[in-house]
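K.L.:
In case you want the letters, here they are:
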Amino acid sequence: MSKQLTDELTAINFLLAGVGGQGTILASDILAGVGLRMGYDVKKSEVHGMAQRGGSVTSQVRWADRVYSPLIGLGEADFFLAFEKLEALRHIEMLRPGGTVLVNDYAIPPLSVSSGNDVYPDKERIERILSTVTTRYYWVPAIALAESLGNARVNNVVLLGALSHFLPHVPLEAWLESVRERVPQRFTDLNEHAFLIGREKMAGNG
Amino acid sequence: MKRFLSGNEAVAWGAWESGVRVAAAYPGTPSTEILETLAPMPDVYAEWSPNEKVALDVAIGAAYAGSRAMAVMKHVGLNVAADSFFYASMTGLEAGLVIVNADDPFMHSSQNEQDNRRYAKFARVPCLEPTDSQEAHDLVGVALDISEQFDTPVMLRLTTRISHSSSLVELQGTRPPPRQEKPSYRIDTTKYVMVPGNARRRHPVIEERIAKLAEFAETFPYNRMELRDRALGIVSNGVAYQYAREVFPEASLLKLGMTYPVPAKTLRDFASQVQRLIVIEELDPFLEEEIRLLGIPVEGKSIFPICGELDQQVVRECAIKAGLLPPSARIPVVQPDKGQLPPRPPILCPGCPHRGTLYVAKKLGLVVNGDIGCYTLAFQPPLGALHTCGCMGASIGVAHGVAKAGVAQHNVAVLGDSTFFHTGMPALLNVAYNRSNTVTIILDNRTTAMTGHQQHPGTGRTLQGQETVQVEFEALARAMGIQRIHTVDAYDLKAVETALKDCLDADEPAVVIARRECALMPEARQRWMPLQVNDERCNGCGLCFQVGCPAIVKSSEVDAKTGRPKARIDPLLCTGCEVCAQVCARRAILFRHQLAQDKEQQE
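Same order as they appear, the protein sequences are chains A and B.
For the first sequence, this note's numbering assigns the number 1 to the initial residue and increments by one for each residue that follows.
For the second sequence, this note's numbering assigns the number 1 to the initial residue and increments by one for each residue that follows.
Keep in mind that a hint or two might mislead.
Computed Cβ-Cβ distance ranges for the label pairs, DEER-style [said to hold, decoys possible]:
hint: 1; chain 1: A; residue 1: A144; chain 2: B; residue 2: V334; range: 22 to 32 Å
hint: 2; chain 1: A; residue 1: T188; chain 2: B; residue 2: P183; range: 45 to 55 Å
hint: 3; chain 1: B; residue 1: T468; chain 2: A; residue 2: F166; range: 23 to 33 Å
hint: 4; chain 1: A; residue 1: A203; chain 2: B; residue 2: R592; range: 56 to 66 Å
hint: 5; chain 1: A; residue 1: A144; chain 2: B; residue 2: P343; range: 20 to 30 Å
hint: 6; chain 1: A; residue 1: S148; chain 2: B; residue 2: V558; range: 49 to 59 Å
hint: 7; chain 1: B; residue 1: R592; chain 2: A; residue 2: R186; range: 22 to 32 Å
FYI, nobody ran anything at the bench for these hints, they're computed from the structure.
Keep in mind that this is a model prediction, so the values were computed, not measured.
By construction, the Cβ of each residue, glycine as well, lies at the ideal position given by its N, Cα and C atoms.
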């Protein structure tokens, strides 16, 4: 079944990875909401508790006619949304070879780096490693775009907007409705703008 | 109505719809959201109890009183509540009692990965296990029905991936109407007073009960046989069923929704219809052993691991190795050579009030007997300030033992406010009573932080938002007979150090309350203000990096004299706690008031 799940056009596995506190859970909630609006069976899995405290975190969302496992196995992610550059490297083998990875152009150095015991990988090394798995990797300046809206914290929704460019079968309204459903009302406009600015950025690159 | 719910949310809905009147819990990942979801619902009483044992007693009391009740805990919480779990099995109840127990395979947020189905068997309590959110919802009501039909508590066992995965759930959306009058309490001392004479009469009753439940399991609709290709038969439970379904779409499956007691006839029937019988289950070979006890040849842990979580990847790889699947079943993967990536373990947040206190403890060269909470994370470098952590409330007893044994260094107990109320209190009483010079540091961040900010007896509010007493640590310690008590601002390193030194020099029990609210609380967030490094003063000495704050990073700018990178503060992460500013010997990190002055001057 898993074979068909990834091969069928309709079945899509999303992996979201970042650092605890970056908003991966909100983004995966929105993504699950979009899948449900499209009539998919959806499962979502995420990490709570200790790992959320600044550690490496992942969320997974699966859309299909019928989803069994709530998790994505190695090589099964069709889309990989990396909220931080090092986390893109850490989980890249989760991507289906040739799948699409969007990387937030943003570094949060782990303590071992800021205390001088480790070196943060440079962009060239990141690109070299990503490109062994797929040619479809894209940098998203989500922090800069979010800052242009006055709030860097909405970079998670900017990334979702960028992702939406690669899912042409999903109507824009399904995304916006799902965003509106999940963010506090006073931030609705900000988040809609964040979504659209990310979407347009990718369309421009495309 | 259909809702997209996590397993935990689904359990809360199931409890509400099936008429649970009283629910009690202590927060613990992965179970916490169950009571948080239930608490705002109408006509239900829900509380955070100080610990799981109290929570279970509360639920048992409600069930004795004729109301449906639920106790919720993580797996290790049942260790704390085990005494109550066993007597509740012995006495039975007047109304349904479900104990929701969330195991944590892979220990995402736990100190061990014990398999609590063992407890179910140990105490002769039936155990139900859902495979998704829908079943998590449905099985709460089923558990309560079984509880009432068989006069037994029922365990509903979740695991992290059931608790924290979401899927669609069909809800009823209604609940039985509330009772008009209070029922009379039914007195039955032979059933409910577990003195030896009564207990001896009860033991055969619960043995008979579990035999009847085994019979019931044969027709239990959540035990489901799915016959497909007969070459392979798989017995599975919980989330492992989903992995089995995905990896072996053609195989025959026996899904067990009740994993204790197991249905012997059904298992024999299933085994006789398939050529090779295997069990896919997480953690212990529990079902495997039960099946083997029936004399049925079966494989399980010889193929799949005991340790850690399963997923379709692990199941598929193990199956290929065991010859259950051809190598062509493998999903293509590219695993690039990444070299060594810097690890990113969980850490204390920027602005965490524990950081300063533990920094001082390290500076003073103390042996720190720690406990369960965010502060446990201070064991890691560069802070490296915590040296033991076993279970909730262990710190003070362990520190007392170290003190009584006697070591060259000074040692202290460190635990959080909620952990102190949980199981720290009797241990502090012991320190006072048996007179050791143990210094107990209570890191009072005004909340249960690690699990996501739950109320506790020190916060002045209940789970359901009622104002209540606010227990004072100072008064409590004094009442226990401890005279040397200091309360300090956890952000004030000098005050922490002075208080600690005073206590360490004294030859008597002492308590230091390091108070400062968690930096992630909404009130604290409002005061966030990123600090800045004065580039001219910073010479890259690196002292501030020893504080272990993720907001302090190495600048690309190098000091001309020392050749070392200067410090930079990430304005997105810094909260302005000023701990690093106090540590900096060159006053290169500007305090809040300095930044405010600079701003004024600029204007």
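K.L.:
Do the beta carbons of A:A203 and B:R592 sit within 56 to 66 Å of each other?
P.N.:
violated, 43 Å
K.L.:
If you check the beta carbons of B:T468 and A:F166, does the distance land in 23 to 33 Å?
P.N.:
Check failed, 52 Å falls outside 23 to 33 Å.
K.L.:
I want to verify a distance hint. Is the separation of the beta carbons of A:S148 and B:V558 within 49 to 59 Å?
P.N.:
Violated: the Cβ-Cβ distance is about 31 Å, outside 49 to 59 Å.
K.L.:
Take the C-beta atom of B:R592 and the C-beta atom of A:R186, compute their distance, and say whether it sits inside 22 to 32 Å.
P.N.:
holds, 27 Å
K.L.:
Take the C-beta atom of A:A144 and the C-beta atom of B:P343, compute their distance, and say whether it sits inside 20 to 30 Å.
P.N.:
Check passed, 28 Å falls within 20 to 30 Å.
K.L.:
Could you say whether the range 45 to 55 Å given as a hint is met by the Cβ separation of A:T188 and B:P183?
P.N.:
holds, 48 Å
K.L.:
Given the hint of 22 to 32 Å, check if A:A144 and B:V334 actually sit that far apart at their C-beta atoms.
P.N.:
holds, 30 Å
The earlier numbered hints that this structure contradicts are 3, 4, 6.
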